[in-house]
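S.K.: Following the hints, complete the assembly by docking chain B onto the known chain A.
Chains as they are written, first to last, in our numbering: chain A, 1 to 253; chain B, 1 to 359.
No lab work stands behind these hints, which were simulated from the structure alone.
Accuracy of the hints is not assured; some may be wrong.
Claimed, not checked - So the derived list for chain B, only partly shown, Cβ under 10 Å to chain A, looks like this:
id: 1; residue: S162
id: 2; residue: Q236
id: 3; residue: N241
id: 4; residue: L253
id: 5; residue: R294
id: 6; residue: G298
id: 7; residue: H328
id: 8; residue: N329
All C-beta atoms, glycine included, are put in the ideal place defined by N, C-alpha and C.
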Amino acid sequence: MELTAAGMEVRIGRKTIVHGASVRVKDKQFVGLIGPNGCGKSTLLKSIYKSLVPTSGSVMLDDLNILKSSEKKVSQKMGVVGQFNEMHFDLTVEQMVMLGRTPHKKMLEADRPKDREIVEDALRITNLTEYKERSYLSLSGGEKQRVVLARTIAQQPEFMILDEPTNHLDIRYQIEILSCVKNLGIGVLAALHDLEMAAHYCDYLYAVKNGVVYAHGTPEDVLTPENIEDIYEVKCTTYRNPITGSLGFAYSL
Amino acid sequence: MQKTRTHKARATGFYSAFILAMAGLILVSAVYSVSIGQVQIPFRQAMNILLHALSGGHLGSIEQIDNGSYLNIVMQVRMPRVIFALLIGLGLSLCGTVMQAVVQNPLADPYILGISSGASLGATFAILVGFGSGTIFSQFGVASAAFVGAMVTSLGVLFLSSIGGKATSVKLVLSGVVVGAMCGSFSSLIIYFANDAEGIKTVTFWSMGSLGSSSWQKVPIMAIVVLLGCLIFLFQHRVLNAMLLGDESAITLGINLSVYRKLYMVATALVTGTMVAYAGMIGFVGLIIPHIARGMFGADHKRLMPATLLLGALFLIWADILSRTLVHNVELPIGIITSVIGSPLFIYMIVKKGYNFGG
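Just chain A, same shape as in the assembly:
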């Protein structure tokens, strides 16, 4: 599965948020989208997964034209883990994960043993088997996010979009979520706010500033002190973490 979004321009009200951004995710790549708050990361992602309609641009997932296909068709191939997952009504964790089967179901079709197996698997991968009967609303933020990830896994997508999936989460949950997604071995496009996480997990990075792609390349190429200073407007020194061997960042104003 290869995702190509080309020349994306997205307007919200009268304001253009994304000005002709293009991103590409090659087969089974984990691609990160970084940039400061309000730079248009989320908006770009939303226009890719059909929540917002771009004014121009095209999105192709292999030979499936995302923008011209039905939501149902797209959701059979592409799963999304969003930022906000609050709701007013409650479901059990199992019911919540079962909703991930929705794209593959006809209106009158019942849940089959196969669906239950898929849900069990998704729960196991996300370490939620014990939580099956728990109520979703009673869970902590990190646990909720894991449930949403399990739901997306149960969707059996061939491509996954993550919109700051680890926002507000403690370090353990951040690692759990990202490792879990990485282990799925499918193409991923993820907006991330933590540069160390981005450097560690991503094969390729797109840095977004003011709605345009400012730089792209491997984490080492993109996450240079000069680029970070331009994108985030902080002074930054990068170093090799002596323990993990991955990129580390020291910031100052």
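M.R.: Here is chain B on its own, set in the frame of chain A:
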């Protein structure tokens, strides 16, 4: 692992038992309901009459009926009324559940989109002003005027909330409130200038809801609209469940909520409009019954919907029984009964620990 499985098996068993028990209770209550009233008919005889009528004379004997008029009372007066109660119970709880999912708000009820105030305005207009004779509208009764009022307001709310983009749930609720307030003030204006004490009393009585006008002629329309609505929504659980997650998540599960939201609103408006036209406003049923069912079986609409429907039907049959028997020789408006029973029940649901709107 084993433990959760047995727990689940027990839950499923309880659910099936509940559904069966509800269906049984509804039947027994219906027979009880036709046997009581100003003329008391012994339960056994009422049952015989019903069996006789339902089986076309093969079952149940009507030879031992004490009084020949019983047959008439049961079949012509009370039976359509019980059927009305049953249908309206189904319809209100159906529309309540659907609207709560559509606007993602536990406070929603079938009347949230201004349907009640629109219907009231229509009815008030028909009762106090009337349509000038000679126009085609002069054929209109109160019921038709109420129906038209309900449909116009709900479509108006739908239109208003769609202006400038998607009809979000917040916009829907606010539009409903605004349109409702507008219709309410027009109704008040008509009442203020009306010099018709009898008419004002009729308006008041109408707005409290009543099954008094039920008759066999009205049963078919009501039955078709309500049962069709139930049948459709019993199979919409996937979409209804996805609705609970909100627009964003629903889209990523392949369901475009803004389309379904409109379809569902038009469908519920039709059902609610029909009910309001025939029986006036019967409050609280559509609000509390879904919550009670949710408290028992969770918010998964696959299980919730059948449970809600049966619970609603049973509740309304009993509300009707009480409205006829609480005060001797007086029939209380059923809307008063449902609110009087409903509000403490609802408070209990809210205060009760652990009720999390379906957890």
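S.K.: Does N329 (chain B) pass the interface check with chain A, least Cβ-Cβ distance below 10 Å?
M.R.: violated, 44 Å
S.K.: May I ask you to test the interface hint for Q236 (chain B) with respect to chain A, counting a Cβ-Cβ separation under 10 Å as satisfied?
M.R.: Hint on Q236 (chain B): holds, closest Cβ of chain A at ~8 Å, below 10 Å.
S.K.: Please check whether H328 (chain B) passes as an interface residue: C-beta within 10 Å of a C-beta belonging to chain A.
M.R.: Violated - the Cβ of H328 (chain B) stays beyond 10 Å from chain A, reaching only about 43 Å at its closest.
S.K.: Do the numbers back the hint for N241 (chain B), that is, is its least Cβ distance to chain A under 10 Å?
M.R.: With Cβ-Cβ at 6 Å, under 10 Å, it holds.
S.K.: Could you check if L253 (chain B) really has its C-beta closer than 10 Å to a C-beta on chain A?
M.R.: The hint holds - L253 (chain B) has a Cβ within 10 Å of chain A, the shortest such distance being about 5 Å.
S.K.: Was the hint right that R294 (chain B) lines chain A, CB cutoff 10 Å?
M.R.: holds, 7 Å
S.K.: Hint check: is the beta carbon of S162 (chain B) less than 10 Å from a beta carbon of chain A?
M.R.: Result: violated, 15 Å to nearest chain A Cβ.
S.K.: Per the CB criterion, is G298 (chain B) less than 10 Å away from chain A?
M.R.: holds, 6 Å
Violated hints, in rising order: 1, 7, 8; the structure is consistent with all others.
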